[in-house]
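Asks: As they're listed, the protein sequences go chains A and B.
Okay, so the first sequence: first residue is 1 according to our numbering, each after it adds one.
Okay, so the second sequence: first residue is 1 according to our numbering, each after it adds one.
These are computed hints drawn from the structure, not numbers from a lab.
Quick caveat: nothing in here was measured; it's all calculated off a predicted structure.
Under 7 Å between C-beta atoms, here's a sample of chain B residues computed to sit facing chain A:
1. P147
2. M148
3. E150
4. T155
5. R157
6. L270
Using N, Cα and C, we set each Cβ at its ideal position, and we do this for glycine too.
Here is what each chain is made of, one letter per residue.
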Amino acid sequence: MVRAVPPADLKPTTYAWHIRAEDLRVRAGRRMAVDGLDLRLGQGVHGLLGPNGAGKTTLIRALATVLRPAGGELEVLGRTIDGRTDLRALRERIGYLPQELGYYPRFTVREFVEYLAWLKKMDAREVPGAVQRAIERVGLAGRADDRMKTLSGGMLRRAGIAQAIVNDPDVLLLDEPTVGLDPAQRLEFRTLLRDLGARACVLVSTHLVEDVAASCTNVVLVDDGRLVFQGTPEEVAGLGDPLDVGDSPIERGYTALLARPRPRREAGR
Amino acid sequence: MTGNPGPHAGPDLISAYVAGDASLPPDTQWALEAHLENCAPCRRHVAEAVTAHAPAVHSLLDRVWTEVDATALDRPAPVRSPLLRAVRRWAPPSQAPWLLMSVLVALSALGIDLLARGTAAPSLVLLLSPVVPLLGVAASWTRRLDPMGELTATTPRAGLRLVLRRTAVVLTVVIPVLAAAGGAVGVSPALCLLPCLALTVGTLALGSVTGVRRAAATLGSVWVLAAIVPSLLTSRPSVLLAPQSLPVWGLALVVAALATTVRARAFTTLPGTELP
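Work out the full structure: start from the sequences and follow the hints.
Replies: If you want it as structure tokens, here you go:
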């Protein structure tokens, strides 16, 4: 069947950035995990890098409308997220893979993705096709009718990615999607990321600097809840010198950025 | 495939289009194709016209489909059971152990009541009935008790309607058990069920402010301290469960239902009520 383009897809956007944060502060428990973050992200694949405890997951959860910002401004797809926004319309356009993917063990992969498609209020006529497409895109078609509890860690991750992309979101938030993927799958995943980045704003949190170098159009480096650097992977690679720790130019750039003293980081922005 | 398809294409236009008629102006052709993208009935007419008037195209399409079929990975599997799917949309599997526990609590109360028959002790079924569904209600909308809680909370369906669905499941399981247990020990069904409903809806109303889990814990503890402990200590049925307090329970139910309706938005905004 011909894929029809609904008028909603062709409508011009009324926002300049898919994600815009000004002086954003988000609490994780009692700690202010995101503390004064400024960020502007448009279409493309953005790699979110940072050491453990830098506030990556908290930032992604705030963007996924799980956590309420404690201060500052946060806009996703032109809608301000605060305590008063009705989030239903916005949530239809977000895809989210949490760091710890919860699932019902007795669901098959297809049932899991289908259940999420239902929760995302997708048109019931489109669901079977969209589910099949999402499962094929992450390479799980052969295991689609196996129960979730029989999947390996990497396969669970891929099932999680399938549910995140099933509704063709405009903002896709993936929290450590490459954990547990074997090298071949990671290569496939990079291709998928580039593909997704062609029409959506994809934010990928990861520890693997080389994933970012290979598939991201943009690097966002956070530390201590603040933005340290935003630019292209080439710019990061250019910042490292041979004395920095790391096996590749981008790893050396990454360590160089994190090793900078705070005032120079501010200047570097 | 919604959108405004405009007026439907006539049979003449469709057959001219299918025949590849050169006299068909390009703009008409273009308009027809734009219309076909959004209109399933007209696409079907085109397909019928192709079958009837253009056998060459028809056999070509057949061949293409055969080839596609041969290379396709897998056909989408049929749904295992529509009934199972419907059940899961009402009651996620994580709710099952809590429902089972609620039923067991009610049955244990019934067992104790039957053993203590003839003594002056107040009926445990009656005393426990208002708090039995709270377990299930709290479990249905608490992030920590639902493995898919975080994902559910970020979907557009998260909201009062989904909470009400899950609450309804809890009540459909618990109410028949309570009614039967109440009948077996000779308690009036109204006394058994009205406080039960009032506390359940009260949990949702209070939950729109504090989160459903905290609301259930608060109301449950208040009930234990105000009704269960005193009547077990004094061996007299609590005045809260006397027939004359039924109108008060009815009023409480109405107030709680109204409050929940007014606060419905709290379930779709941040910080959300515990699960969303």
